[in-house]
Amino acid sequence: MLLPVNAAMMDACVLATLEREDAYGYRITQELSRGIGASESSLYPVLRRLQKDGCLTTYDVAISGRNRRYYQLTPRGRQVLATYKEEWIEYKKCIDKILANNTVSEENQP
Amino acid sequence: MTRNEFMAALRRRLDHLPPEEQDAALKYYEEYFDEAASEEEAAQQLGSPDAIADRILSDYAPPAAASPKKEGRSALYWTGIVLLCVFASPFLLSLGAAALGVALGLAACVLAALICVVVPFFALSLAFLCCFFALLWAGAVAMPAFMPGGLLLMGAALLCGGLGLLNGVFTGYLCYWIGLLFKKIFSSRKRKKEARAK
Numbered sequence: 001m002l003l004p005v006n007a008a009m010m011d012a013c014v015l016a017t018l019e020r021e022d023a024y025g026y027r028i029t030q031e032l033s034r035g036i037g038a039s040e041s042s043l044y045p046v047l048r049r050l051q052k053d054g055c056l057t058t059y060d061v062a063i064s065g066r067n068r069r070y071y072q073l074t075p076r077g078r079q080v081l082a083t084y085k086e087e088w089i090e091y092k093k094c095i096d097k098i099l100a101n102n103t104v105s106e107e108n109q110p
Numbered sequence: 001m002t003r004n005e006f007m008a009a010l011r012r013r014l015d016h017l018p019p020e021e022q023d024a025a026l027k028y029y030e031e032y033f034d035e036a037a038s039e040e041e042a043a044q045q046l047g048s049p050d051a052i053a054d055r056i057l058s059d060y061a062p063p064a065a066a067s068p069k070k071e072g073r074s075a076l077y078w079t080g081i082v083l084l085c086v087f088a089s090p091f092l093l094s095l096g097a098a099a100l101g102v103a104l105g106l107a108a109c110v111l112a113a114l115i116c117v118v119v120p121f122f123a124l125s126l127a128f129l130c131c132f133f134a135l136l137w138a139g140a141v142a143m144p145a146f147m148p149g150g151l152l153l154m155g156a157a158l159l160c161g162g163l164g165l166l167n168g169v170f171t172g173y174l175c176y177w178i179g180l181l182f183k184k185i186f187s188s189r190k191r192k193k194e195a196r197a198k
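If you read the sequences in order, they're chains A and B. Everything in the first sequence is counted per our numbering, starting at 1 for the first residue and increasing by one. Everything in the second sequence is counted per our numbering, starting at 1 for the first residue and increasing by one.
Hints were generated in silico from the structure; no laboratory data involved. All C-beta atoms in this analysis are idealised placements derived from N, C-alpha and C, irrespective of residue type, glycine included. Misleading hints may appear alongside valid ones.
[What the hints assert, rightly or not] Residues on chain A that point at chain B, a partial pick, calculated with CB under 8 Å:
{"hint": "1", "residue": "G25"}
{"hint": "2", "residue": "Y26"}
{"hint": "3", "residue": "Y44"}
{"hint": "4", "residue": "P45"}
{"hint": "5", "residue": "R48"}
{"hint": "6", "residue": "R49"}
{"hint": "7", "residue": "R68"}
{"hint": "8", "residue": "R69"}
{"hint": "9", "residue": "Q72"}
{"hint": "10", "residue": "Q79"}
{"hint": "11", "residue": "K93"}
Could you build the full structure based on these sequences and the hints that come with them?
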């Protein structure tokens, strides 16, 4: 992607991935790298930070002799995600307006 | 890079982190290797352990910066602490004195407010009592001359007496509650003092 995904957008994407169902690290990485091409090196710190901020909790599930750590949205996480979604719509509107205006002014130029 | 090489490199780089942070991060990447289809695939997706460690360390800048102090609490560190205490002491003492002053002032205000509440009630009771006797006397005087008027005055006297009695009981309760309140305040202060002494 030409436009980089900043830290806040990364948070929003991770929260959104977990909105439908809980998931474990590898799974989240797969979803995100498919979606926005995020590399794995950036995911773990994001998960850890969101967890510390109280947006995520974890629980462990034993699966074929090893451990899988699932991440789950907390009520606060849902709230933060809702805020991000609203912010995104606003942001998109602003950028759209600027991009559209520039196109119009270019067209108006003789 | 093999799984073992990757994990060893990561472990080395995260050495300065608090143990629970190290543990969480290492577990996460162990799990990642477990989940991936193959070791090579995981290593390739994860990229350089150094880059990952940099990201993790940059997120934990405060604890990472604090841990070297823990290791080598140098003479400079202790000198700094002592100097800080010395320089801060006038400030801390004056802060303590100010807090004490504020507490005493507040206590005085509360006491004054309570007195202001209680004294009028006493006065009201006294007034009712005076009314009772005055009306009783007036009724007794008026009775022989004009019986209904005398009875009316006597009735008014009884009404005043009753109101005075009720008010007196209420005032008594008020005093009792205030006493309880003070007891509570002082006992909690005592407890605090005891806790501080410990």
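Outcome of the hint check:
no.	hint	result
1	G25	6 Å, holds
2	Y26	4 Å, holds
3	Y44	5 Å, holds
4	P45	5 Å, holds
5	R48	7 Å, holds
6	R49	6 Å, holds
7	R68	7 Å, holds
8	R69	6 Å, holds
9	Q72	16 Å, violated
10	Q79	23 Å, violated
11	K93	32 Å, violated
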